[in-house]
Amino acid sequence: MGAYLSTFASCIPTILYATLLAGQYTTPVIYCEVTAVFTNTAPVDAYRGAGRPEATYVVERLVHAAAVETGIAQDELRRRNFIRSFPYQTPVALMYDTGDYDACLDEAMKMADVKGFAARKDDAVKRGKLRGLGYASYIEACGIAPSNIAGALGARAGLFEAGEVRVNPTGGVTVFTGSHSHGQGHETTFSQIVASRLGIPIETVEIVHGDTGRVPFGMGTYGSRSLAVGGTAIMKAMDKIIAKGRKIAAHLLEAAETDIEFKDGKFTVAGTDRSKSFAEVALTAYVPHNYPLDKLEPGLDETAFYDPTNFTFPAGTHICEVEIDPETGVVQIVNFSACDDFGNIINPMIVEGQVHGGLAQGIGQALLECCVYDKESGQLLTGSYMDYAMPRSDDLPSFKVATKVTPCTHNPLGAKGCGEAGAIGAPAALMNAVHDALSASGVKYLDMPATPHRVWQALQSARQ
Amino acid sequence: MYVFEYQRAKSVADAAAALAKTGGKALAGGQSLVGAMKLRLANPGTLVDIAGIAGLKGIKQEGAAVVIGAMSTHADVASSAVVKKAIPALAALAEGIGDRQVRNRGTIGGSLANNDPAADYPAAVLALGATVQTNKRKIAADEFFKGMYETALGADEIITAVSFPVPKKAAYVKFPNPASRFALVGVFVAQTQSGVRVAVTGAAAHVHRATAIENALAKSFTADAAKAVKIPADHLNTDLHGSAEYRAHLVSVLASRAVTAAG
Numbered sequence: 001m002g003a004y005l006s007t008f009a010s011c012i013p014t015i016l017y018a019t020l021l022a023g024q025y026t027t028p029v030i031y032c033e034v035t036a037v038f039t040n041t042a043p044v045d046a047y048r049g050a051g052r053p054e055a056t057y058v059v060e061r062l063v064h065a066a067a068v069e070t071g072i073a074q075d076e077l078r079r080r081n082f083i084r085s086f087p088y089q090t091p092v093a094l095m096y097d098t099g100d101y102d103a104c105l106d107e108a109m110k111m112a113d114v115k116g117f118a119a120r121k122d123d124a125v126k127r128g129k130l131r132g133l134g135y136a137s138y139i140e141a142c143g144i145a146p147s148n149i150a151g152a153l154g155a156r157a158g159l160f161e162a163g164e165v166r167v168n169p170t171g172g173v174t175v176f177t178g179s180h181s182h183g184q185g186h187e188t189t190f191s192q193i194v195a196s197r198l199g200i201p202i203e204t205v206e207i208v209h210g211d212t213g214r215v216p217f218g219m220g221t222y223g224s225r226s227l228a229v230g231g232t233a234i235m236k237a238m239d240k241i242i243a244k245g246r247k248i249a250a251h252l253l254e255a256a257e258t259d260i261e262f263k264d265g266k267f268t269v270a271g272t273d274r275s276k277s278f279a280e281v282a283l284t285a286y287v288p289h290n291y292p293l294d295k296l297e298p299g300l301d302e303t304a305f306y307d308p309t310n311f312t313f314p315a316g317t318h319i320c321e322v323e324i325d326p327e328t329g330v331v332q333i334v335n336f337s338a339c340d341d342f343g344n345i346i347n348p349m350i351v352e353g354q355v356h357g358g359l360a361q362g363i364g365q366a367l368l369e370c371c372v373y374d375k376e377s378g379q380l381l382t383g384s385y386m387d388y389a390m391p392r393s394d395d396l397p398s399f400k401v402a403t404k405v406t407p408c409t410h411n412p413l414g415a416k417g418c419g420e421a422g423a424i425g426a427p428a429a430l431m432n433a434v435h436d437a438l439s440a441s442g443v444k445y446l447d448m449p450a451t452p453h454r455v456w457q458a459l460q461s462a463r464q
Numbered sequence: 001m002y003v004f005e006y007q008r009a010k011s012v013a014d015a016a017a018a019l020a021k022t023g024g025k026a027l028a029g030g031q032s033l034v035g036a037m038k039l040r041l042a043n044p045g046t047l048v049d050i051a052g053i054a055g056l057k058g059i060k061q062e063g064a065a066v067v068i069g070a071m072s073t074h075a076d077v078a079s080s081a082v083v084k085k086a087i088p089a090l091a092a093l094a095e096g097i098g099d100r101q102v103r104n105r106g107t108i109g110g111s112l113a114n115n116d117p118a119a120d121y122p123a124a125v126l127a128l129g130a131t132v133q134t135n136k137r138k139i140a141a142d143e144f145f146k147g148m149y150e151t152a153l154g155a156d157e158i159i160t161a162v163s164f165p166v167p168k169k170a171a172y173v174k175f176p177n178p179a180s181r182f183a184l185v186g187v188f189v190a191q192t193q194s195g196v197r198v199a200v201t202g203a204a205a206h207v208h209r210a211t212a213i214e215n216a217l218a219k220s221f222t223a224d225a226a227k228a229v230k231i232p233a234d235h236l237n238t239d240l241h242g243s244a245e246y247r248a249h250l251v252s253v254l255a256s257r258a259v260t261a262a263g
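Line by line, the protein sequences give chains A and B. In terms of the numbering used here, the first sequence has 463 at position 463, counting the first letter as 1, and numbering is strictly consecutive. In terms of the numbering used here, the second sequence has 124 at position 124, counting the first letter as 1, and numbering is strictly consecutive.
Derived by calculation from the structure, the hints in this document are not laboratory data. Values in this document were obtained by computation on a predicted structure and should not be read as measured data. Take these hints with a grain of salt, some might be off.
[Claimed, not checked] Below, simulated DSSO-like cross-link-like pairs (lysine-lysine); rule was C-alpha separation at most 27 angstroms, straight line:
hint	chain 1	residue 1	chain 2	residue 2
1	A	Lys295	A	Lys375
2	A	Lys266	A	Lys295
3	B	Lys38	B	Lys146
4	B	Lys10	A	Lys129
5	A	Lys126	B	Lys230
6	B	Lys38	B	Lys10
7	A	Lys129	A	Lys444
8	A	Lys400	A	Lys375
9	A	Lys110	A	Lys295
10	B	Lys85	B	Lys60
11	B	Lys230	B	Lys138
12	A	Lys121	A	Lys110
13	B	Lys136	A	Lys129
14	B	Lys227	A	Lys121
15	B	Lys227	A	Lys126
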């Protein structure tokens, strides 16, 4: 835990870890006991993936080793154990709502050209290099979280999200969200869902976040939850806007409210061409001259608080191919393919960017990053970037990414979340590839990070 | 940063007088010194800026040598047509120092006077058997580097130029520290007019010649000959990025790769 408990410190190795140990597999019984200890080092806290990379690492390193031991192909052993019937209750508390693990594995194998690997490995051997292929079929629990479950597990906060949709008299919309955007592009993604749901131009949507003086009390951006939870709060607020809009439109069109349909930014009397635009209804709400004031408040401004009924379960398969120079221990990533299922995708470019960033972070962890303390003095030796190795662009390959979609069943967007997947799948895929490459030289076990020095040492030890 | 005085010298004599009087430090590109000052690892009292002195820049061929003015930046050396033609290994080394900002500010004279244990230039100077020219004398490479951050320079002695004899062939191969990208080990191999010289940076307290590899390459200038030499790990650095044994191993491997690269 480090020297004292920080915000999420005790959640990471417990509820964010043990609950993911089923992975994508039908393992019937799982028992996990975690011992948390205080140390005289910096306190730990949540970092992209938080607990889920560790769970994936344990499960996928085990599956890799089991496949090697049994002689069953890596993909085949995974396939034999994949969960295929949903909803699926795991032995570690979670209930997966949906998924298609074969689809991601198939696509990742195509992207990684697994069929051509043997030839590439032969070629590497001729050049004196070691080549390896590693898989990670990960699952994560996102969209955090049903507050009652979190509370039962010991969390002291509610984990809902809030969204306010304020329709202005012009028909433009201002959205106030508790999901802060610090580079994730919420301004774009949230605007897209609002423009799409209300049938209005995206330019007329403004997203306000990060100002507690303006936004309703929300819980924030973490755990890949912004779209699945924050986006859903906005959707629920829009449902209220549309419900009220139908009442106003019914009055203006002198029709029964039940006969009013809302589609493409128009309130229409079903089966007729009589309609009022979203902007006309908005103006009427604020200039209520012809308005059912006895039954309906003026204005068009709604807030929703959304508390999810379940976690979301993004999943996928990452395949990494490495080439190792046995003379220096340098691990080069020659190919990294990731196929992920994030449920419905609103903005593919933003999702791809999130995957790239997550992969870079996961690769950094597996290949380079390490906090080292001096054993005698307790001094942090990796106290600056002169000694703490961050991943740089030339440490990374050009990623191949793809997505498959099984929509989340319990939020209206069908979204699962994509922010952490890269960091969750990458360490296990990379280290499995490193172990595959080193296996011919007799190396059985190597811990992260696979720095040149450690890889070289492992090869030296195996030789003796 | 500690408080310091700043003086801008108009000539080398002016700078030397200021250094003698104040006991301060000469400021060239400031890429090592200013960083050390910011971390309070250096407290020079007075900085004597030599950037305004005419005649300390410039690169020219003089007979069988390339002479580089002390205030020439790494970028100047990397892009110099004279260096690229006569000693391409030196141009390539300069191109690999630090990052673009460092290469545009840092100077060859500053780097040599600083003598960082992991700097690149000292390896080139030592392997090529260069001569360091100062305001007082000419110092042979073998006499110049004395210890960690230590050189033969006196307190008021200023490097004015470095003269590199053109080798028959040469190459520098650097294995970067994964974090800082300084040389964890760097090996410069040169076949000079007076024999094979191999200099190693990054591996020990200061740059040094790998005589065992020089002897092997004198007999057979091949990658295999270099690789076959077992370098003892005694006196080499151990830190969190590499043990002395790893560095010793890398010296042979990089020397062999430098031989291949030298062609």
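Checklist entry - Which of the numbered hints are not met once you compare them with the structure shown? => result 1, 4, 8, 9, 11, 13
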